[in-house]
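Asker: Sequence:
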Amino acid sequence: MTLLVITVLLLTGYPVQADNLQQLEKYQNELENVQEQLLIYQNNELNEQMKQEMIQLNKRVSELKGYVKAYEIAQTNIFIKQQLVKLDPNAKLFFPASTTRITSYFDNNRKHPITGENKAHIGIDIAMPGNQYIYAAENGKVIDVYKEYDGRMNGYGDAIMLQHQIDIDGDGQKEVVTTFYAHLMPNTTQVTEGDVVDRGELIAQMGTSGISTGQHLHFEVHIGNWSKQNAVDPMLFLN
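FYI, in mature numbering (1 follows the signal peptide of the UniProt record, and there is no 0) the residues of the sequence shown are -18 to -1, 1 to 221.
There could be a bad hint or two in this list.
As the list claims (entries may be wrong) - Label pairs and their in silico Cβ distance ranges: (1) Asn169 <-> Leu39: 21 to 29 Å; (2) Leu20 <-> Val158: 35 to 43 Å; (3) Ile37 <-> Met217: 45 to 53 Å; (4) Ile125 <-> Lys47: 30 to 38 Å.
If you are wondering where the hints come from, they were derived from the structure by calculation, not from laboratory data. Note that the structure is predicted; figures quoted are calculated from it, not measured. No residue lacks a Cβ here, since even glycine has one placed at the ideal position from N, Cα and C.
Let the sequences and hints guide you as you build the complete structure.
Answerer: And the structure:
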């Protein structure tokens, strides 16, 4: 299995999340600028002050190289896990809505339907009018319940965050996976923070709270605790 994943990496490269890409480019640009400054110093006779500045520049070069390497490793690890999920049927999640109509997919550079801004869409949108219900994607625990008016998850409206332990790569070792359910109908949440939920358990009703063009569920999957940097394509987990 590992050999197959490495082969995929060599053939396709790995995707970089939009936020990570911006930070990586920032570090790479600074690294180039610092190295150019060092080259200027190396081609000139140095006084004591310039020698001290050169020492500091060399330290910064080492730091920046470390940052760049760390970002590249992190993104590679996420990509590998995405490929392993494709290979391991036991990692699949319960479909989180009573309708399977997907209107928007995971996209690192989607044009926002309201603001028109190009930004990462780190989940999928599932939409259908009428009474539609939202279910827990896997056995787990309710980490948080958000209300549109509390302002803690701006734009997401009423939302629920669950955390699960899932064997992603089929090696018998479970790790944290976080699922996030947004734009829920107000006053339909069936769970509270700290509750234990079962796979397929009803947790809310589909709505259009927050920044939304219509009734839908925005569904995210994260490897680890919730962070925009560790979001993965939910379709890799769904049958």
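Asker: Hint by hint, say whether it matches the structure.
Answerer: Outcome of the hint check:
In this structure the hint that Asn169 and Leu39 lie 21 to 29 Å apart at CB is violated, the actual value being about 58 Å. At about 42 Å, the beta-carbon gap between Leu20 and Val158 stays in the expected band of 35 to 43 Å. Checked against the hint of 45 to 53 Å, the C-beta distance between Ile37 and Met217 comes to roughly 50 Å, which is consistent with it. Taking the beta carbon of each, Ile125 and Lys47 are about 36 Å apart, inside 30 to 38 Å as hinted.
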